[in-house]
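J.: Residues are numbered in the working numbering as their position in the sequence shown, beginning at 1, plus a constant of 27.
Just so you know, the hints here were simulated from the structure itself, not pulled from any lab data.
Do not take every clue at face value.
Capping the alpha-carbon separation at 25 Å, the derived lysine to any residue pairs in SDA-like fashion look like this [unchecked claim]: (1) Lys397 / Lys363; (2) Lys281 / Asp342; (3) Lys363 / Val240; (4) Lys310 / Gln335; (5) Lys319 / Tyr230; (6) Lys310 / Pro366; (7) Lys281 / Glu400; (8) Lys229 / Asp166; (9) Lys319 / Arg375.
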Amino acid sequence: MKQLLVLTLALPLSVLAQKKSASAVEVLQKTLNKLESLKTVSYSQTRETRYFADNYQHTLKADMFIDFAASNALNLRFQAESDKTIFVYDGQYRLLIDKENQTIDSASAATFASMRNNSYLYHSLAMLRRMIPGTIANDSIRKSVSDTLIGKTTYYNVRMEGDGMYFALLGGMEYYKNAQLRRPYYLLIDKKTYLPYQFISKYIRGTDDRDYVTMTYSNMDTRANTPAPRGWSYAAYADTYKPYVAPAVIPLIKPGTQAPGFTLPAYLPAGIDSLSLQQYAGKVVLLEFWFKSCGPCMEAMPHYNELQQSFNKSDFALITINVEDPVEDIKFFYNKYQPVYPMLYNGRSFWQSVGFTGAPASLLIDRAGKVREVIRGFVKDDIEKKVKGLVGE
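When you get a sec, could you build the whole thing from the sequences and use the hints?
T.: Below you can see the structure in the form of structure tokens.
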């Protein structure tokens, strides 16, 4: 697979002379016709995500079955199985089976919006089937086609890009505001069957074009038998898996509460140290929680040095606390940002104890050790204004 990905992603090296006999729109239309002709399909999909700047790499493999004949909000039902989970969506309810913990979780998912963040559908054949019509019709999306050779097989390579646009999970285009980002897409299509072989989303940030998400489709059966009716129901799994019980909800810490103490390891090039909140008594402190697979956290991190340097260290201390990543990742980000603030890790228990469930999130603590602000998200100017107010008291 790694050889395959290298060959595919090195697009400028593997593109052959363009075929005058087929336009990008013609190839996309034939692929759409093929996808829309499918009533059922089973296949394996492998999605590899790689963000070099954030030291992030993830691979998700799943065996998929999709029934396009279903009549519901998404016009489909599907089953997906990976090494850790089984996901079943019958058009009205979704089942999530956790193989490792032997649990089953069921919930209503009858609306379009309730499935728009499903990781198995992202970059799936269902997503392609929904996005191609709009791509064909939208003249602001630049489209071109060439031949790409992988091994001994030649595929159509359709390139698609719209300024400030990206493909949404369940079809259509949405917009982003980052002027330094470009997101070209490549769809590799089998020249005999017109079925997709690979879908690539490139992330070009300024001059850095290394980041990508690649989905590869294999073992495709376009006449797959539909699983038995029982296989779509909770009852099919109830004898093997116990009901999922959500963990107790810890209430979010309230402003005016004395900040709980902690002692956590801090990364330093010379070795690991440990820091406690007590060491910062008498200062205004911002505890900023993050983890590397959190996109907004990665957007916030370049601003942390600026925030700390806006204030005298005798008055204000910014402390970042990673909630889940290993020390090797902390080292990566330390070397990347050269922080003028402490980078703590192993912070999941503390993060959960104050009631947070997402990131970026922060606690702004006054000189007396009381929580003055509980902040979700990161808006530098807003946080800087809050810090300035506390420092001035």
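J.: Compare the structure with each hint and give your call.
T.: Consistency of the hints with the structure:
| no. | hint | in the structure |
| --- | --- | --- |
| 1 | Lys397 / Lys363 | violated (32 Å) |
| 2 | Lys281 / Asp342 | holds (23 Å) |
| 3 | Lys363 / Val240 | holds (23 Å) |
| 4 | Lys310 / Gln335 | holds (13 Å) |
| 5 | Lys319 / Tyr230 | holds (17 Å) |
| 6 | Lys310 / Pro366 | holds (19 Å) |
| 7 | Lys281 / Glu400 | holds (8 Å) |
| 8 | Lys229 / Asp166 | holds (20 Å) |
| 9 | Lys319 / Arg375 | holds (13 Å) |
In summary, the structure is inconsistent with hint 1 from the numbered list given earlier, while agreeing with all the others.
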